[in-house]
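K.L.:
Here's the letter readout for the chains.
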Amino acid sequence: MKYITDFASGFMGLFQTGGKTLISWMTSIVPVVLLLLVLMNTIIAFLGEERMNKLARASSKNVVTRYLILPFLSAFMLGNPMAFTMARFLPEYYKPSYYASQAQFCHTSNGVFPHINPGELFIWMGIAQGVQKLGLNTMDLAIRYLLVGMLMNFIGGWVTDFTTAYVCRTSGVTLSKEVKLTAGTAE
Amino acid sequence: MTTWNSIKIVKGSGGWGGPIIVTPTEEKHKFIYVTGGNRPKIVDKIEQLTGMKAIDGFKTSIPDNEVALAIVDCGGTLRCGIYPKKGILTANVLPTGKSGPLAKYITPELYVSAVDVNQISAVDEATAAENVAPTAVSDDQEDSKYDNQKTITQQMEHQGIIAKIGIGAGKVVATFNQAAKESVQTVLNTIIPFMAFVALLIGIIQGSGIGKVFAKIMTPLAGNVWGLMIMGFICSLPFLSPLLGPGAVIGQIIGTLIGVEIGKGHIPPQYALPALFAINTQNACDFIPVGLGLEEAESKTVEVGVPSVLYSRFINGVPRVFVAWLASFGLYAGK
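Top to bottom, those sequences are chains E and P.
Every letter in the first sequence is one number past the one before it in the UniProt record's numbering, and letter 107, counting from 1, is 107.
Every letter in the second sequence is one number past the one before it in the UniProt record's numbering, and letter 29, counting from 1, is 29.
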């Protein structure tokens with residue numbers, strides 16, 4: 001009988017531990033994220049998508065605007081996954097590179113601006129909650145995450161320009177290369 | 001003989017619903033605006049494009065079966081739902097979504113919000129619904145139109161500063177309110193479910209003793225830069241990364257496990273930064289075709305883009321972790 005009781009209380013203990021964790025998140029993370037979302041959604045509604053479209057058109061010119069400024073702002077303004085739509089004004093050749101950069105911006109900025117990618121918040125929050133538990137300020141981590149992200153995501157987008165060229169070359173037998181080249185040299 | 005033209009109304013910035021197509025017919029050739037006595041600019045544009053007659057709903061009322069479109073400025077209480085409930089097409093000047101006591105009647109087929117002048121466009125005769133019946137218009141109508149126009153013009157001249165401030169404030173409040181509704185939905189539908197799942201996972205890991213086993217595996221991996229780089233390397237392998245991607249679930253679970261170990265003090269907190277990069281080198285590798293679709297890429301681009309992004313993720317994966325490790329020096333050092 002004692003074994004059964006021990007087992008049952010141990011089993012319930014799992015849920016009590018989980019429940020405590022959940023409630024501590026509910027009181028600490030949820031209100032902050034919610035209010036931040038409210039403000040961000042409001043700002044986005046006021047600024048509007050039309051201005052982003054204009055910016056996107058102007059950004060295709062060079063690597064810095066293409067893989068750093070545009071994806072950073074798109075992530076902030078449109079979030080995951082709508083940020084990807086901003087690449088529709090880019091030449092075909094650069095679209096994979098933009099994708100590589102944009103997808104990572106949807107995470108690295110998520111520590112400071114959780115409205116960008118709330119569905120995948122726990123990439124950030126999973127680790128950050130441990131730091132929080134130690135009583136440290138997670139914003140220190142979030143800012144560095146953002147800054148390292150900006151640098152490395154930009155490089156990531158740029159490097160993809162070269163891997164795209166490589167894939168075009170190796171798959172040269174197929175027709176895709178010519179289409180790529182015309183799109184690429186159009187710039 | 002008056003010809004009526006169809007118009008298309010799409011949602012504006014921060015808006016909801018639509019696009020709706022308004023096609024005036026012999027029976028329904030009037031539209032009503034119920035906007036507290038002020039006349040929004042879109043009323044003039046709709047009049048111009050469709051040739052329909054505008055009725056101020058605060059001054060006059062017309063039978064519902066004559067109303068082709070209702071324009072409201074409702075922040076989410078009653079008006080935005082009352083016309084859809086009657087099956088009347090509704091355009092809201094404010095960015096209000098599906099809300100209020102009549103929310104269930106507000107559907108994208110009947111309702112569009114945050115409508116301004118730019119959201120309204122003419123539709124070609126060909127694409128318009130075929131039930132437009134071109135018939136002669138009676139004199140009676142012409143007369144009433146004139147009368148109505150007159151009162152409206154007078155009204156426009158009387159629109160003072162106070163009315164403008166009121167409209168502006170209403171728009172700000174409604175935009176905030178709508179943003180709050182959307183945010184609560186996001187938290188309820190996406191964040192809290194995942195939190196419940198992760199919290200249960202943490203409960204099981206900590207309560208059952210599996211945590212100790214994990215700690216033995218995780219601490220040497222996540223507690224130094226080489227282990228993290230190995231982790232990043234594995235996650236970025238081009239044949240593995242698309243499998244690890246979906247919903248970022250695996251990354252989120254590994255992240256939480258590392259977070260738990262950091263919280264217990266087994267892993268120094270400055271390793272949180274390289275760990276954030278190590279668990280996510282496979283970032284969105286499963287999503288490439290869909291993402292390129294959102295970018296409106298051609299099929300050739302997708303063919304090239306999928307391997308290209310997989311390769312670039314592989315090339316960048318380990319350096320990302322390394323740079324993040326370099327950047328982690330001094331993080332939480334004094335604590």
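Hint data in this document are derived by calculation from the structure and do not stem from the laboratory.
Hints may be right or wrong, so weigh each one.
Said to hold, decoys possible - According to the in silico footprint, chain E covers these stretches of chain P (three or more CB under 8 Å from chain E):
1. 173-181
2. 224-234
3. 309-315
All C-beta atoms in this analysis are idealised placements derived from N, C-alpha and C, irrespective of residue type, glycine included.
K.L.:
Against each hint, give a clear statement of whether it holds in the structure.
P.N.:
Now the hints, each set against the structure:
1. 173-181: holds (count 5)
2. 224-234: violated (count 0)
3. 309-315: Result for this restraint: holds, n = 5.
Violated hints amount to a single one, hint 2; each of the other numbered hints is respected by the structure.
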